[in-house]
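S.K.: As given, the protein sequences belong to chains A, B and C, one line each in that order.
Numbering follows the working numbering, in which position 104 of the first sequence is assigned residue number 104; successive positions increment by one, without gaps.
Numbering follows the working numbering, in which position 172 of the second sequence is assigned residue number 172; successive positions increment by one, without gaps.
Numbering follows the working numbering, in which position 468 of the third sequence is assigned residue number 468; successive positions increment by one, without gaps.
Incorrect hints may appear among the rest.
[Said to hold, decoys possible] Computed spacing ranges between beta-carbons, pair by pair: (1) C:Gly693 x B:Ile7: 43 to 53 Å; (2) C:Trp686 x B:Ser155: 42 to 52 Å; (3) B:Lys170 x C:Gly693: 38 to 48 Å; (4) B:Ser115 x C:Lys667: 49 to 59 Å; (5) C:Gly675 x B:Ile166: 52 to 62 Å; (6) A:Ile94 x C:Val679: 32 to 42 Å; (7) B:Gly114 x C:Val701: 16 to 26 Å.
[Stated by the list, open to error] Partial selection, computed: residues in chain B whose CB lies under 10 Å from chain C: (8) Gly12; (9) Gly61; (10) Ile101; (11) Gly106; (12) Met112; (13) Ser115; (14) Gln116.
[Unchecked claim] SDA-like, lysine to any residue: derived pairs with alpha carbons at most 20 Å apart: (15) C:Lys175 x C:Glu154; (16) C:Lys208 x C:Leu83; (17) B:Lys170 x A:Met96; (18) B:Lys170 x A:Gln2; (19) C:Lys389 x C:Lys208; (20) B:Lys170 x A:Phe99; (21) B:Lys170 x A:Gly3; (22) C:Lys667 x C:Trp678; (23) C:Lys662 x C:Ser649; (24) B:Lys170 x A:Ile37; (25) B:Lys170 x A:Ile98; (26) B:Lys170 x A:Leu101; (27) B:Lys170 x A:Phe79; (28) B:Lys170 x A:Phe48; (29) B:Lys170 x A:Arg100; (30) C:Lys620 x C:Gly711; (31) B:Lys170 x A:Ala72.
Bear in mind the hints are in silico, worked out from the structure with no lab data behind them.
Keep in mind that this is a model prediction, so the values were computed, not measured.
By construction, the Cβ of each residue, glycine as well, lies at the ideal position given by its N, Cα and C atoms.
Letter by letter, the chains look like this.
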Amino acid sequence: MQGVPLVAYLGLGLFLFCTGVVGVIIRRNPIVIFMCIELMLNAVNLTFLAFAKYMPSKLPVGATPVADASTAGQVMVIFVMAVAAAEVAVGLGIIMAIFRLRQDVDIDEMNLLRG
Amino acid sequence: MNLPEWITPNLGVFMVIGGVAALAAVGVVVFNNAVRSALCLVVSFFMLAFLYFSLGAEMIGILQIVVYTGAIMVLFLFVIMLLNLGSLGSVIEKKDPKFIIGGAMGLAILLMVGSQVIVPLASVNQPKAPEGFGAPQTVGYSLFSTYLYPFEIASVLLLVGIVGSILLAKRRL
Amino acid sequence: MDNVGLIWLVVGLPIVGFLIQAFLGKRLIGNGGGKRLVGALAVAPVAAAFVISVMLTIDLAKLDPANRAVVSHGWDWIKIAGLNIPFELRVDPLTMMMALIITGIGSLIHLYATGYMAEEKDYSRFFTYLNLFVASMLILVLGNNLVMLFIGWEGVGVCSYMLIGFWYKDVANSKAANKAFIVNRIGDWGLTLGMFLLFVVVAANADKFPAADGRFLSYDVILPVIGDILKGMPGITTAIALLLFVGACGKSAQFPLYLWLPDAMAGPTPVSALIHAATMVTAGVFLLNRLYVIFELSPVASAIIAVVGAFTALFAALIAFGQTDIKKVLAYSTVSQLGFMFIACGAGAYWVGMFHVTTHAFFKALLFLGSGAVIHAMAHNQDMRNYGKLAKYLKITFATMFIGFLAIAGVPPLAGFWSKEGVLGYALANNHAMIGGINFSYIVGWVGLGVALLTAFYMARMTFLTFFSGQERWKLIPAHAEGHHDDHGHHDDHHGHHEHHAHHEDHGPDKHGFFYTDEEMAAMPHEHEHHHELDETHKPHEVPPSMWFPLVVLAVLSVGGGWVLNQNHLLEHWLYPPGTQHLQLEAHPHGIPLVALSLGAALIGIVLGAVFYWKGLPAKEGWDLAKWSPFRRAAADQFGYDNTMVTASVEGGRDLGIFLWKGADSKVVDGLVNGAGWVAGTLGKWFAFLQNGFVRQYALVMLVGVVVLLGALGYALKKVPDTSLSGYQAVPAGRGPALPGAEGGH
Chain A
1 MQGVPLVAYL GLGLFLFCTG VVGVIIRRNP IVIFMCIELM LNAVNLTFLA FAKYMPSKLP
61 VGATPVADAS TAGQVMVIFV MAVAAAEVAV GLGIIMAIFR LRQDVDIDEM NLLRG
Chain B
1 MNLPEWITPN LGVFMVIGGV AALAAVGVVV FNNAVRSALC LVVSFFMLAF LYFSLGAEMI
61 GILQIVVYTG AIMVLFLFVI MLLNLGSLGS VIEKKDPKFI IGGAMGLAIL LMVGSQVIVP
121 LASVNQPKAP EGFGAPQTVG YSLFSTYLYP FEIASVLLLV GIVGSILLAK RRL
Chain C
1 MDNVGLIWLV VGLPIVGFLI QAFLGKRLIG NGGGKRLVGA LAVAPVAAAF VISVMLTIDL
61 AKLDPANRAV VSHGWDWIKI AGLNIPFELR VDPLTMMMAL IITGIGSLIH LYATGYMAEE
121 KDYSRFFTYL NLFVASMLIL VLGNNLVMLF IGWEGVGVCS YMLIGFWYKD VANSKAANKA
181 FIVNRIGDWG LTLGMFLLFV VVAANADKFP AADGRFLSYD VILPVIGDIL KGMPGITTAI
241 ALLLFVGACG KSAQFPLYLW LPDAMAGPTP VSALIHAATM VTAGVFLLNR LYVIFELSPV
301 ASAIIAVVGA FTALFAALIA FGQTDIKKVL AYSTVSQLGF MFIACGAGAY WVGMFHVTTH
361 AFFKALLFLG SGAVIHAMAH NQDMRNYGKL AKYLKITFAT MFIGFLAIAG VPPLAGFWSK
421 EGVLGYALAN NHAMIGGINF SYIVGWVGLG VALLTAFYMA RMTFLTFFSG QERWKLIPAH
481 AEGHHDDHGH HDDHHGHHEH HAHHEDHGPD KHGFFYTDEE MAAMPHEHEH HHELDETHKP
541 HEVPPSMWFP LVVLAVLSVG GGWVLNQNHL LEHWLYPPGT QHLQLEAHPH GIPLVALSLG
601 AALIGIVLGA VFYWKGLPAK EGWDLAKWSP FRRAAADQFG YDNTMVTASV EGGRDLGIFL
661 WKGADSKVVD GLVNGAGWVA GTLGKWFAFL QNGFVRQYAL VMLVGVVVLL GALGYALKKV
721 PDTSLSGYQA VPAGRGPALP GAEGGH
């Protein structure tokens with residue numbers, strides 16, 4: 001978008017990311033923690049796209065922008081989305097399983113990792 | 001009124017959309033009710049999709065709406081509904097030093113990354129991508145030629161995710 | 001020599017015998033019936049090895065004297081860059097002579113043992129060890145390199161250990177075996193160090209052995225050249241010689257390390273005869289002869305060897321006067337005679353050392369086997385105070401043992417005379433063993449003459465107390481029963497096996513065949529735990545022919561062996577052919593003075609013995625120790641040496657152990673270990689709260705880590721010039737819009 005500096009997008013992405021981080025740390029509801037992770041992933045996606053847009057092209061003018069920085073960023077976002085979808089599917093499955101087992105999902109009640 | 005040169009109408013639009021996205025993100029974290037958090041997240045994702053459009057990445061923007069706000073968030077809401085986590089008190093958020101430490105740490109990351117990344121790039125304000133870089137043709141062409149193998153691997157990953165979630169969710173196999 | 005490969009049979013046959021005894025022996029014996037077969041299977045390999053050795057020696061004698069050394073390569077054993085140690089056997093005059101002694105005397109003693117051990121339950125175990133010993137000893141002497149010598153050295157050490165402790169149920173025997181083994185460790189330490197030092201010297205001069213192919217420890221490689229190499233370094237030569245001599249001291253029971261040999265008499269008497277008199281203990285003398293080129297280069301080491309030998313000879317001879325156990329007397333006599341051998345080697349007359357080894361093997365084996373016969377006849381009581389007038393009962397034993405006594409006393413023309421004459425003659429006439437201008441050789445020669453007198457004296461004491469001396473003292477046992485088991489333990493040579501005394505009285509030796517028959521052996525009580533004591537009803541009987549036959553053979557050798565070997569320098573030129581002689585030695589002329597002196601010494605000793613002991617056991621040496629003279633009591637106690645050494649090593653070792661345990665280990669080592677544990681535990685306690693299983697807390701900690709890392713990264717990047725835009729600026733002109741940096745800040 002003409003007239004908007006790159007740092008505006010980057011700053012928004014950074015803010016979203018830090019919000020996600022703080023959310024992961026302070027929330028006990030695993031679903032919300034998952035949402036915060038999604039938030040962080042989206043922040044990264046935004047950054048990818050911003051860089052893709054503002055990165056100078058190395059291709060000759062008018063060439064099809066394949067294998068260029070601009071397409072690389074977008075493809076990366078698609079992969080992140082794929083991973084996020086898989087992660088959500090499995091993660092929510094795990095939460096379901098845990099809930100079925102313990103009738104509770106409070107993450108602070110789970111300390112099976114204690115040595 | 002003499003506005004500085006860098007304040008443009010486009011920036012105003014960006015500020016509105018980005019501000020809503022940021023607010024919604026904060027809402028995700030602060031609302032105690034998981035349903036509210038989820039709805040905030042939907043709003044935030046919608047706003048991000050608009051920003052993607054504004055960056056010229058139409059394809060990704062559409063994907064964002066379809067996949068995230070359409071599929072993933074619905075999945076979230078379904079789980080919340082199934083587990084009945086929407087009601088208050090099912091998970092009580094207690095006061096905890098983590099609030100302070102986590103907040104401080106988040107702030108620290110914000111400041112440090114910001115100082116290291118934002119400041120040097122402050123002068124970049126001209127989009128340089130070629131015209132039509134976000135069109136589905138371009139992205140699709142790229143995805144099925146240069147990034148064919150990663151794409152295939154991602155498809156396998158999704159398949160594994162499907163199988164895994166079925167395995168986890170089913171009571172009896 | 002085409003048939004040199006036969007030498008492998010000489011070593012191989014005893015090994016085969018060992019395997020047969022070890023794996024089939026018990027099965028063949030069955031219920032005690034097959035002992036004759038097992039005994040024959042034990043004797044046969046050694047006897048066959050003896051026959052082969054004789055054949056090889058005859059063939060060797062046909063060769064030119066200068067080339068009498070043939071090496072038979074077996075297989076490569078240790079082969080690495082710069083060092084090659086093959087399994088090779090060497091046929092030369094020295095090795096064949098030792099092989100003849102080992103297999104010849106060995107087969108006689110095996111034969112004897114078939115009778116002596118007839119009542120033994122572990123019959124085949126005994127012959128297992130004995131055959132293994134013969135094989136090890138043959139490897140020791142026949143091997144062509146020092147490592148094979150070391151294998152044999154340790155092999156005979158192990159066999160000696162197992163045979164001393166053969167009757168392991170008596171803890172005293174096990175202790176004696178341990179003592180022999182442990183004291184020999186010191187000697188082996190010296191031997192290995194000497195070997196290493198020699199190897200270092202040889203390997204450093206590898207260019208002088210063009211054809212060696214890395215065989216730096218093989219005799220045929222080093223012996224011709226090592227003399228030239230070592231000539232320039234007297235200090236190293238002396239070091240090598242003395243270290244090797246420490247090894248020889250251990251095996252050959254010389255002064256600081258002789259302690260184990262008297263205790264080794266706890267083993268069965270054939271073992272004492274074979275291992276601790278005739279063969280194994282001469283390994284040290286063999287080593288000196290084998291590497292004489294090194295020893296003769298060092299007058300200092302030679303002098304030390306001679307002095308140690310003389311002191312040992314004197315010391316052991318004096319101790320022998322205080323012994324009442326017949327085998328102990330012979331043990332100290334052995335130590336003393338070994339001293340003579342070292343006197344000869346120290347004086348530079350190495351062949352005389354081997355000469356004395358040979359004659360000593362004859363007469364000392366004879367004496368030991370004779371004492372075994374006496375012990376056998378006297379219900380395994382070894383105390384000479386219980387003997388007396390046995391000449392009447394044991395005619396063959398007496399006749400042969402008396403010959404042995406005359407031979408060791410040095411009465412001409414018996415074997416001992418010639419070799420002892422050689423020892424004293426060379427010692428008195430030469431000046432090889434010199435330190436700082438003092439001719440130790442000469443001094444040592446005179447000491448040796450004195451010891452010769454003492455030898456005749458204490459051997460006369462033993463002989464007269466056993467065979468003559470008035471009365472049959474075992475009939476007086478009840479009279480002095482309190483004083484019977486009093487003192488320095490005369491261990492009965494009988495633990496764990498059983499008496500056939502009653503059986504014995506039923507028929508004399510004439511009823512035996514050459515061996516005990518199977519029926520006789522089967523009839524001997526095995527499971528009956530009664531330990532027969534010598535008492536007044538005892539009636540000694542001559543032993544069976546399988547036991548006296550070796551005595552007769554050895555007696556013949558003791559009579560003629562020395563004279564034959566001394567004719568025309570037979571042995572001297574066999575071992576060291578003329579022209580290859582190393583030192584310019586001259587024997588003391590067999591003129592009147594020396595002969596008169598040594599003959600006089602022998603006669604005086606015998607006469608003294610007769611005077612003191614003909615009539616009976618003097619009260620001063622009787623059952624009541626309190627009546628003994630201080631000298632004799634001290635001698636019985638080895639002049640306190642053994643006790644001192646045992647006390648010092650045991651208590652010193654214990655104190656050192658306690659110090660290391662309580663001081664070093666408990667405080668320092670345990671402190672370190674426990675301290676490390678304590679530090680880890682304490683740190684763990686401090687940090688345990690982190691490991692609480694709460695994932696969010698882990699995430700928080702991780703986040704803190706990320707922040708710290710980012711901070712560090714930022715700090716590190718701060719110093720780098722602002723190049724973060726280079727990716728944007730590096731666009732060539734004409735591709736895309738102009739540089740953002742150039743138009744920034746509008």
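S.K.: Has the given pair, Lys170 of chain B with Ile98 of chain A, been kept, meaning a C-alpha gap of at most 20 Å?
M.R.: At roughly 12 Å apart (the allowed maximum being 20 Å), Ile98 of chain A and Lys170 of chain B satisfy the hint.
S.K.: What's the verdict on Lys175 of chain C and Glu154 of chain C, does the C-alpha distance respect the 20 Å limit or exceed it?
M.R.: Holds. Lys175 of chain C to Glu154 of chain C sits at ~19 Å (cutoff 20 Å).
S.K.: Does the beta carbon distance between Ile94 of chain A and Val679 of chain C stay inside 32 to 42 Å, or does it fall outside?
M.R.: holds, 39 Å
S.K.: Does the interface hint hold: is Gln116 of chain B within less than 10 Å of chain C, judged Cβ to Cβ?
M.R.: holds, 5 Å
S.K.: Would you check the hint for Lys170 of chain B and Phe79 of chain A, treating anything up to 20 Å between C-alpha atoms as holding?
M.R.: violated, 27 Å
S.K.: Assess, step by step, whether the Cα of Lys170 of chain B is no farther than 20 Å from the Cα of Phe99 of chain A, and give holds or violated.
M.R.: holds, 13 Å
S.K.: Given Met112 of chain B as an interface hint, is the shortest Cβ-Cβ distance to chain C below 10 Å?
M.R.: holds, 5 Å
S.K.: A range of 43 to 53 Å was offered for this pair. Does it hold for the Cβ distance of Gly693 of chain C and Ile7 of chain B?
M.R.: holds, 52 Å
S.K.: Does Gly61 of chain B meet its interface restraint, that is, does its C-beta lie within less than 10 Å of any C-beta in chain C?
M.R.: violated, 24 Å
S.K.: Given a hinted range of 38 to 48 Å, is it respected by the beta-carbon distance of Lys170 of chain B and Gly693 of chain C?
M.R.: Distance hint for Lys170 of chain B, Gly693 of chain C is violated at roughly 28 Å.
S.K.: Has the given pair, Lys170 of chain B with Leu101 of chain A, been kept, meaning a C-alpha gap of at most 20 Å?
M.R.: holds, 13 Å
S.K.: Please work out if Lys208 of chain C and Leu83 of chain C have their alpha carbons no farther apart than 20 Å.
M.R.: holds, 15 Å
In summary, the numbered hints that this structure violates are 3, 8, 9, 18, 19, 21, 24, 27, 28, 30 and 31.
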